[in-house]
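Trainee: Residue strings, one per chain:
Number of protein chains: 2
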Amino acid sequence: MRSPARQQAKGTVPELAPAAGAIQETRDRVKRAYGSAIGRHRRDLVTPALILDLPAARRNIAKMAERLKTMPAKIRPHIKVHKSPELARLQVDAGAIGLSTATIWEAIVMVRSGLDSIFIVNTLAGREKLAALAEIAREAEVMVAVDDPQNTADIAAAARTAGSEVGVLIEVDTGMDRAGLDTPEQAVELARRVAGMEGLELMGVTGYEGHCSLTPERDLRASRQRVAMSTLVDAAERIRAAGLPCPIVSAGGTATWDWTATTHGVTEIQAGSYALMDNFHFPMAGDFEKALTVLATVISRPPDRVIVDAGNKSLGAPALSTMRGHDLKAMRFDEEHGLFIAEPDYPLHVGDVVELVPGYAPGTVNWYDAYHVVEGDRVVDVWPVIPRGPGHGGLIS
Amino acid sequence: MRSPARQQAKGTVPELAPAAGAIQETRDRVKRAYGSAIGRHRRDLVTPALILDLPAARRNIAKMAERLKTMPAKIRPHIKVHKSPELARLQVDAGAIGLSTATIWEAIVMVRSGLDSIFIVNTLAGREKLAALAEIAREAEVMVAVDDPQNTADIAAAARTAGSEVGVLIEVDTGMDRAGLDTPEQAVELARRVAGMEGLELMGVTGYEGHCSLTPERDLRASRQRVAMSTLVDAAERIRAAGLPCPIVSAGGTATWDWTATTHGVTEIQAGSYALMDNFHFPMAGDFEKALTVLATVISRPPDRVIVDAGNKSLGAPALSTMRGHDLKAMRFDEEHGLFIAEPDYPLHVGDVVELVPGYAPGTVNWYDAYHVVEGDRVVDVWPVIPRGPGHGGLIS
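Those protein sequence lines, which keep their order, are chains B and D. Residues 0 to 396 (numbering that gives the first Met the number 0) are what the first sequence spells out, left to right. Residues 0 to 396 (numbering that gives the first Met the number 0) are what the second sequence spells out, left to right.
Bound conformation, chain B alone (with noise of 0.2 angstroms):
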């Protein structure tokens, strides 16, 4: 896994893979087709817009940056939530050590835009993918969770076909009812079985306290911490004391990210919501600035109430949406209306623009082409949004 020879790899990544000129002709096209925005003022953009306030992304990057340095652990913020290069460049340019990803296609994307040590945050299945993830390791460091005997097996036979060697931790369940072992001893049994398999190598123990997202109650929220941590470093000093590996321990979301870059024994946290901000966790992460909103236009005004022209195709979890500088309570969300409360004399009129606050940000880039990229109210870029959908679109080449 460690130190891929980059100028020796040749194979080929299945089709489905993009290639570096791939996510330059993406870059290209997106250029081409909203590179007219850039120098525009933010409010006279075609609508709906994805708005990356970039001087705030980069203050959230610089103070994530900081404070991790009175912190044991380093950080590998996820990219799922943002699904950019550039963005991700700046992280790692901060002091990142690498970079979290949800799907093989993100992963793909990133060490093909140059970015290396890549952890892909969940199991993957599928001979496709697993081939994929044994190419793509010839290429840079990669890793990535594993929960079951077969599939470690099958992703340690994928590698030993491409010759290369793939990272892997055990995902282990600290809570939140998803992914990963239930107990240390699973954990430690299918370690002992990864160190066995040629192709592979064991680097630890992964283990998301996702659930704790969902407890705004702060006090709460810490203790479901604390007993999710417990599990997984329980986990990764049982796997030690077996005589294995296990440098990295990962976990953290923004929900939880400072709680738990102090927990003993934590290595890395993968919080990626940071960057880019949301209402959902605003409210528990409030020391990070809202970077991402959705620009949109008035287009019906009924005496009781004001329509936009994006709805839940334009933002992510919509119901918890506000309009930025509006005081006005949400109403409904339909595919391309999103419906807020206002009176008859409230001043928005057909025609008029605003700015939305998404609900989560992860859900909102992924419908979008490009962010179009602010330095206070001129658009200075437009970034292409790769790879989005499930069907790693955006860069079909």
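Quick caveat, the hints were computed from the structure, so don't treat them as lab data. Among the hints, erroneous ones may be present.
Unchecked claim - Footprint (simulated), chain B over chain D, 3 or more residues, beta carbon under 8 angstroms:
| hint | region |
| --- | --- |
| 1 | 144-153 |
| 2 | 266-277 |
| 3 | 300-313 |
| 4 | 362-368 |
Said to hold, decoys possible - Taking lysine to any residue pairs in the SDA-like style, the calculated list, with each CA pair at most 20 angstroms apart, reads:
| hint | chain 1 | residue 1 | chain 2 | residue 2 |
| --- | --- | --- | --- | --- |
| 5 | D | K30 | B | A18 |
| 6 | D | K328 | D | P343 |
| 7 | D | K328 | B | D176 |
| 8 | B | K73 | B | L114 |
| 9 | B | K30 | D | K289 |
| 10 | D | K328 | B | M175 |
| 11 | D | K289 | D | V379 |
| 12 | B | K30 | D | E24 |
| 13 | B | K68 | B | K30 |
| 14 | D | K30 | B | E127 |
Note that beta-carbon positions come from the ideal geometry of N, C-alpha and C, so glycine has one too.
Chain B is fixed; fit chain D onto it per the hints.
Mentor: Using the frame of chain B, we list chain D on its own:
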């Protein structure tokens, strides 16, 4: 609005609007990226994959056409559901009098894919969108909904600039509490303005009874449909009584289509979901087949659950999604995980492939680049989803 001189169309649509060449490029890109799937068994695809059962969709389209033969209304099916020029073509070939769309971009894609007579069933605002509307009206019959005097004047001005004529339908709120005028009197007033504006052609009224689709209980749905349609038909009659033209009375979704298509005074319906069907509409329109599924792979198998690689970034209305052929209750959908409850000995293992029926088709299709078109168990083609996303992605040229 009528009989646009196609051969004389030479204005330029704003740069965000996809030209016919860009549509062909997208088609080619999709073929290059996903074409290796053609000829494969449907169970042997990279997941998540969007599966279109073409014979089932054809039967749905034929059934609608057959049943409408004995009804007074015609159909102008809504293509926001499938975003597919291929499916739109099948609908037109089966007798649809044109197409309904939700956005200007959907309309442009349909026109530049060779389809004609498009009704954008929403109000539109914003300089570029109105310019695009006016331009595309040079190439095909195009209509749009209006409910605001100033917006109507802006559309007329854009049409005069483009040298085109845009058809308009006065939108009436039939009880959905979304866009539209509240009373028939207001509709007459706006119709009078429209009739006096150069650049516009008054074509009638529209009012979608979408609130009825949220009323699963049949009798209550029927009574709400009657109230909704009486409001709409009343508006049309008053416009005619005022000496103004009102040839079109347009309404009707899949939840109410047959009642609306036989309502005296309704001339056309906009139903669209019948073509693909989904778990949301099926209880209300069960004589259409579920032609759309999402293929997924089991990626983790804890003792009490089955976890697949299709989450809420892969499915619309995931909570309503079901696993075909498996009577498993959905537990939760995270971004890249779909969780179902299953006993420890339930015969599904990591790597197994399953097929999910989406809760809501339009929100599902919009996540994907392409349909894997199947006949029986074989993939026979891949068709692009265009345009998708609020940034009208998948078509960026």
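Trainee: Against this structure, judge whether each hint is valid.
Mentor: Evaluation of the provided hints:
Counting residues of the region 144-153 of chain D whose CB lies closer than 8 angstroms to any CB of chain B gives 5, so the stated coverage by that chain holds, three being the minimum. Using a Cβ-Cβ cut-off of 8 angstroms, 0 residues of the region 266-277 of chain D lie near chain B, which falls short of the minimum of three, so the contact claim is violated. Counting residues of the region 300-313 of chain D whose beta carbon lies closer than 8 angstroms to any beta carbon of chain B gives 10, which meets the minimum of three for the stated coverage. Only when three residues or more bring their CB closer than 8 angstroms to a CB of chain B does the claim for the region 362-368 of chain D stand; here the count is 5, and the claim holds.
Annotation: proposed proximity of K30/D to A18/B holds, straight-line Cα distance about 16 angstroms (limit 20 angstroms). With a C-alpha separation of about 14 angstroms, the suggested pairing of K328/D with P343/D holds against the 20 angstroms cut-off. The hinted pair formed by K328/D and D176/B meets the criterion: a straight-line CA distance of about 15 angstroms does not exceed 20 angstroms. Between K73/B and L114/B the alpha-carbon distance is near 17 angstroms, which keeps this suggested pair within the 20 angstroms criterion.
For the hint linking K30/B to K289/D, the alpha-carbon distance of about 39 angstroms lies beyond 20 angstroms, and the restraint is violated. With a C-alpha separation of about 18 angstroms, the suggested pair K328/D and M175/B falls inside the 20 angstroms cut-off, and the hint holds. Note on K289/D and V379/D: the hinted pairing holds, with a Cα-Cα distance of about 19 angstroms set against a maximum of 20 angstroms. About 16 angstroms separates the Cα atoms of K30/B and E24/D, which keeps this hinted pair within 20 angstroms; it holds.
Annotation: proposed proximity of K68/B to K30/B is violated, straight-line Cα distance about 37 angstroms (limit 20 angstroms). Note on K30/D and E127/B: the hinted pairing holds, with a Cα-Cα distance of about 18 angstroms set against a maximum of 20 angstroms.
Violation of the numbered hints given earlier is confined to hints 2, 9, 13; the remaining hints are satisfied by the structure.
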